[in-house]
Structures are given as C-alpha cells and as structure tokens.
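Trainee: Okay, here's what each chain looks like letter by letter:
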Amino acid sequence: MRKRLFLMLVIILFAVIGVLPLLFMLFKSVTADGELNLSVFTEILATKHQWILMYHSLILSSAVALLSTFAGVLLGILFGKTDLPFRRFFTVLFVIPLLIPPYIFAISWSDLLAGLNYESFFGLMGCIMVLFSVFLPVPMLLTIFFLHTVDPRLEEAGLLAASWKEVMTGITLPLLIPAVILSFMLVFILSFGEFSVANFLRYDVYPVESFTLFAAFYDAGPAIAAALPLAGAALLFLLAGELFLRKRSYRPYLFSRYKVLTVKLGPLRRRLAFAIALFGFVIVIVPMIILLVNSGGLENYLEAFRRAGDSMFRSLGFAATTATLMTFFGFFIGYLVHTKALAIWRMADAVTIFLFALPGTVIGIGLISLWNTPWTNIVYGTPLIVIFGLLAKYTALTGKVSAVWLARIPSSMEEAAQAAGAGWFRRIVFIVIPLMWRGLAVAWIVGYIFSLRDTSVTMLVYPPGQDTLPVRIFTLMANGSPELIAALCVIMITITLLPAALLWLILKTTAAKVSLWQR
Amino acid sequence: MATITLKNITKSYGQNKVLDNVSLTVEAKERIVIFGPSGCGKTTLLRIIAGFVAPDSGTLFIEDEPVADSGVIIKTPQERNIGMVFQDLALWPHMSVKENIAFGLKAKGVSGAEREERIREMLELVDMSGYEKRKPSQLSGGEQQRVALARALVLEPKILLMDEPLSSLDAKLNIRLRKEILSLQQKLGFTLVYVTHNEDEASDIATRLIRMDFGNSI
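Residue numbers (my numbering), protein chains in the order written: chain A, 1 to 519; chain B, 1001 to 1218.
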C-alpha cells in the first residue's frame, strides 16, 4: 500500500511538472474568450511557408536518421562484435559529439570552412553533416547494447552449419532489427526537434520557426500552432515504433543480457582500424582542434571567464541539481515500469518518452503558458522553471537507465528481504539501491550531461540574469569575437567531459568488486 | 574406427580448471551419456567436441582426424558435420519452424527442391508436419524440442550432441521424448553424446555411461 501510494505521488508530481504545461498550452491555443477557437491553426497551416518548413524538417531529419543509422549500426557491430583493435577507445571517441551542445560542432566547422571560402556549408548540407556526427553515437550505442541481447547459442547453432558471414546476415542482423528501428526513430525525432544547429546554419525548420515566433515576437498563439506539428510528429513516430516492435516475436528477448560471441576480422582488422581512426579524427578531433587553435592564448580564456563565468557556475549548479532530481524521478518511474506496481505503468513510461521526443521549444512554451502569472512567479521568475523544463525533457533517459539496471537484479533479491520482514522503503534503501548504485551513477551523469548541454528548453525559459553557459555562448555569437566564442566552447566541452571521464574511472575501478549476479 | 577420440584434454577458465586431462573414445553409433553434477565440466566437454571452444592442451580427433589441438581449432564447427541440441534449444525466434530447419541446408548449398523434400521428411520424422509456418514462440515445450532435433538432424550429421535437452520438460514429456530420441538414433544411426544430470534419463539412453566429477571422467 505504502509502495503504491508513494509511486502514485511521484507520478502525480511528474505530471504536474511535465504534462500539465502541455495540456494548458493546448487548451489556451484552442480557446479565445472562453470559447472554442481554431483560427490560430487554420491561419498558420493555410500558409505556404508552413508546408515549406514541414518539408525542410522532414528532409533534414530523414537524411540524418538514414545516414546515422547506417553508419552507427555498422560501427556498433565493429566495436561490439569483432576483435577490432582499440574498439573501446573508438567507442568513447565517437560518443563525445553527443555529449556536447550540437551547435559547437556547427561553429567549429563553419570557422574552418569560412576560412576556405566554402559558403555552401550553411543550409541543408551543413545541418546534415553536423547532426550526423552528433547523433551517430545513438545507433552505435544501441547496437552495442542490443548485441548483448542476442543469445550466443543462437549463433552457435548456426555456426554448426554455416560460416560467420552467413550467421551474421541470417541470424545476428535480423535479431538486431529492433536496434535499427529504434535508432532510426530516435535520431529522426532528435533531429526533428533540434533547433540550435539549424538556427546557426540558417536553415528554416519547424523548431526554429516556433522559437522565433515565441522568443522574438512573443507571439504565443502562432508559436503554439507551429509547435504542434512537432508534437504530432513525435507522437506518430512513438506509436509507429511501439506497434512495430510489439509485433516482433522476439521482443521478450530484449531484457536478456549475454556475453557477445566475437567475430575475428583476420587480416582486415588493422586496415579497418586505420580507416575508423581516420573517420573519427575528421568528425570528432578536427572540430575540437579548430576550436583550440581559434581560442588563441590565455587572455581569451580569461576574457571568457570574465564575460561568462557566472553562467558557467550557474550551469554547473542547474545541471547537478537537475541530475539529482532526475535520478530520483527516473529511479521510481523505472521501478514502476519494471515492477508494473500500478496499472498506469505503461502510460507513465509512454509519457516520459513522449516528453523526451518533444522538441524542447514546445516544452518551454508550455511551461511559460502555465507558470507566467502573477501568482506563480515563484516558478516563472526563478531557476525552478529551468529545472522543471529539464526534468520534463530528460527524465525518460534516467528512467530507462534505471529500468535496464533493475531488470538485471533477480527478483529473488527483493523477495528474500520481503520474506525476512522488510517493508518496501527498507527494501528500496537497503537492497535495491545498493545493488544498483552503479546504475544510479550512470543515470546521474546522463542527467547531468543532457541538462548541461541543453539549449532548446533553457533558451526559452531562463529567468532574467539566470542564463546558462550554452545560452550565453549562443547569445554572444551575435557580437562576441570568434576567439572568445572558441574559448567558451572549449570551456563548455571541458566541463561536460570531465565529470563523465571521472565517473568512467570510478565505474572502471569498482568493476572488479561487483557481485556475482552482476557478472 | 572411433568416431570421437579425446586425448588428455585440459581446459581452464581463469583459475578454475574445468577439465583435467580427460581422455575418452566414442565408437561409431554408440550412445554415450555424460553424467555428473552441475558445474563438473560436462557442457564444456560438449562445446569442445562441437568446436566452440579450443582445449588448452590435448587433442581431439573426429573420425581419426585431428580437429582441435592445444588451443588451436583446426576444423571449425561447420566443418565437423556435427549436430547439436542446446539446453535452451536456441531456436531462432525470428524464423519459422521451416526457416529454422532450412538455415543449415541453405548454408550448405542444398538446392530448393531437395531442401523442401528434406525438410518435409525431417518434419514427418519428428511428427511436426503442418507446423512449418509457426514461430518458436507459438510452440509448446515438446514441440520446440522436436524442432530443435529436426534442425540438428536435417544435415545428416554423423554425431549428435545433446546438452541436457529435456531438463526443462515435465516428467511425462521427458520420458516420451527419450523414447523418440532412441528411436531416431536407431533409425538414422548417428553417434549420440548426451549430457544430463538426471540419473533415470542417463540409464535409459546410454549404451555407455561416463560419470564426470569436477573435471575428470571416472
């Protein structure tokens, strides 16, 4: 009873933070003077400009999703399934762009290509190139994860009659289809909602339109109308993915975890490693070298601290606070999904994923619509609104990390404590949390990184004088010197990657101490 | 001519010596059952014979030809003409019954008409005709067992390895399937190496019983 009540309270609180603003926004957009009024939608959707935006958004997202999925799945197989030299180093290297605000890569490439007088980087091609390198790790990591769900016996049964080539194409790859579909969907949705790169590279897409209408003209009605196709697209893709994956007969296998059978690459391995190193150098290292070179000497870094030091410390504070709250919500939502303790578990799961798929600008507009009243200034006028926005947007990630980790703990662990007379809170505090502290650490760092790199939510909702570093860099781009911007970007990369590297070290050094069931 | 010969096979995982100087000869068409407690190395022995694992030292011969020797796999699993039924059956969940059985035939380049004929015969043999289009998840435990057998036997292996194949079935079905395995072995004449920790099952199936006790055959 206590368990159900507590979980229900967590869900209600999360719904107030994430869902209520959207419902309020929707309500406001379809009413005028207390009556139903759809004029905002009919007017905005009747213009040709809106259809051009939709076309641009679809072209950009489809291209990025196709390219990233193809290359990411290939890299995932090479890093997760073969004896390729330096595969762990390569995995870490290719993940870096995902951890950094995407527009930093756009700045870096435009700096280099502008020096070469290459103008066509601005527009669709530039957006595809930058977003491809940023979202490439999504299918790569998903493939590596899903390779662990393939029972090696299934491959061994094939190896009795066929070569690795036939086993890979006939058995392993078909079993990875969920990873491919999930990757495509996720990258599509993430690209569809990304606005900072398209804004910087001057390519008109829906999130830019929605942001401009709201931030520049403070025109809430049309901004909401422009945001709704984004919400609709997110919902559509989620439903399609859910329907497709539900039909697959091997869905029950997704929560298994096996040791991966390694494919030996033979004489190809060195040549492949060289080609991948070259690819990684171009899409990850080169942009960072450009920023380092452009940032010049120490004086630019001192100037960067003078101009944006307050934003940097605020960013760190917001990210740490939000990550902690996000880990709390994520753990209990993950627990609810894993144990199905309430009938609404599926809805709770779907809502967090929907909010993650929703562009940050839409969440931002929703939050402002709800909280911008004289009575609720305690939220609207303080960092609470930033925290609410980040919680709504990214709790799905910490929830999924928690659910996956919880699935690895045998149910007998909690049952044994229950049989010994421990109540629910005691079981959570003394059994479940200690067994999955590594999972919680991963969830926290994921929450920290995504909160720190965010611009889509914070750009709209930050209270006066309370901006974050990514937002400050974005605004300084209009009048700051290229050296200052480059130095700020280097600082941003450092404060993002340092905690991630620290956590990786902690997890690596404690790996030997994990208990038998985790191995 | 011995079908399988193991000479001084040793295998360790880290500090744990799973097989310690094991030697064994299995004659053609023999039914040997390797019997012993969980964790004594039965499955490792089977995996070495199948070719998934190389012994640390010692030599494995199949039909007097060396196929693995001191850490080196000389012949890969697909080159050994061995069938295997896994403990969890390892039926490919994304393939139908027919596709599961056809996979090995396709890999061996068996032509369409002949393939169809062999699948039909095999399904008849295991009493599963009419189930061709079903997915493994749509079959009962006993039916899955029969499909796993059909998949292993369709390539007409000289040796069939079975790793506790009936352990997840209820007692009644277990006894019925034992009889079916015996009847298939007599009909097709393959050499059977069968691993179990169930004493009844072992004595029912074996023409020779090998008792293993933590790394050593007795």
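Be a bit skeptical, because a hint or two may be false.
Computed list of lysine-lysine pairs in PhoX-like fashion (alpha-carbon distance at most 25 Å, straight line) [what the hints assert, rightly or not]:
{"#": "1", "chain 1": "A", "residue 1": "28", "chain 2": "B", "residue 2": "1098"}
{"#": "2", "chain 1": "B", "residue 1": "1158", "chain 2": "B", "residue 2": "1029"}
{"#": "3", "chain 1": "A", "residue 1": "165", "chain 2": "A", "residue 2": "28"}
{"#": "4", "chain 1": "B", "residue 1": "1133", "chain 2": "B", "residue 2": "1075"}
{"#": "5", "chain 1": "B", "residue 1": "1017", "chain 2": "A", "residue 2": "165"}
{"#": "6", "chain 1": "A", "residue 1": "165", "chain 2": "B", "residue 2": "1075"}
{"#": "7", "chain 1": "B", "residue 1": "1075", "chain 2": "B", "residue 2": "1098"}
{"#": "8", "chain 1": "B", "residue 1": "1158", "chain 2": "A", "residue 2": "259"}
{"#": "9", "chain 1": "B", "residue 1": "1075", "chain 2": "B", "residue 2": "1158"}
{"#": "10", "chain 1": "A", "residue 1": "264", "chain 2": "B", "residue 2": "1133"}
{"#": "11", "chain 1": "B", "residue 1": "1133", "chain 2": "B", "residue 2": "1158"}
{"#": "12", "chain 1": "B", "residue 1": "1075", "chain 2": "A", "residue 2": "259"}
{"#": "13", "chain 1": "B", "residue 1": "1135", "chain 2": "A", "residue 2": "264"}
{"#": "14", "chain 1": "A", "residue 1": "165", "chain 2": "B", "residue 2": "1108"}
{"#": "15", "chain 1": "B", "residue 1": "1029", "chain 2": "A", "residue 2": "165"}
{"#": "16", "chain 1": "B", "residue 1": "1098", "chain 2": "A", "residue 2": "264"}
Just so you know, these hints were derived from the structure itself, not from any lab.
Trainee: Take the hints in turn and mark each one as holding or not.
Mentor: Now for the hints, and whether the structure bears them out:
1. A:28 x B:1098: With a Cα-Cα distance of about 57 Å, the restraint between residue 28 of chain A and residue 1098 of chain B is violated, given a limit of 25 Å.
2. B:1158 x B:1029: 8 Å, holds
3. A:165 x A:28: 57 Å, violated
4. B:1133 x B:1075: 34 Å, violated
5. B:1017 x A:165: Violated, at about 33 Å.
6. A:165 x B:1075: 17 Å, holds
7. B:1075 x B:1098: 28 Å, violated
8. B:1158 x A:259: Violated. Residue 1158 of chain B to residue 259 of chain A sits at ~30 Å, over the 25 Å cutoff.
9. B:1075 x B:1158: Between residue 1075 of chain B and residue 1158 of chain B the Cα gap is close to 15 Å, so the pair holds against 25 Å.
10. A:264 x B:1133: 34 Å, violated
11. B:1133 x B:1158: Distance of about 28 Å is beyond 25 Å: violated.
12. B:1075 x A:259: Holds, at about 23 Å.
13. B:1135 x A:264: 31 Å, violated
14. A:165 x B:1108: Roughly 13 Å separates the two Cα atoms, so the pair holds.
15. B:1029 x A:165: 33 Å, violated
16. B:1098 x A:264: 30 Å, violated
Going through the hint list in order, the structure does not satisfy hints 1, 3, 4, 5, 7, 8, 10, 11, 13, 15 and 16.
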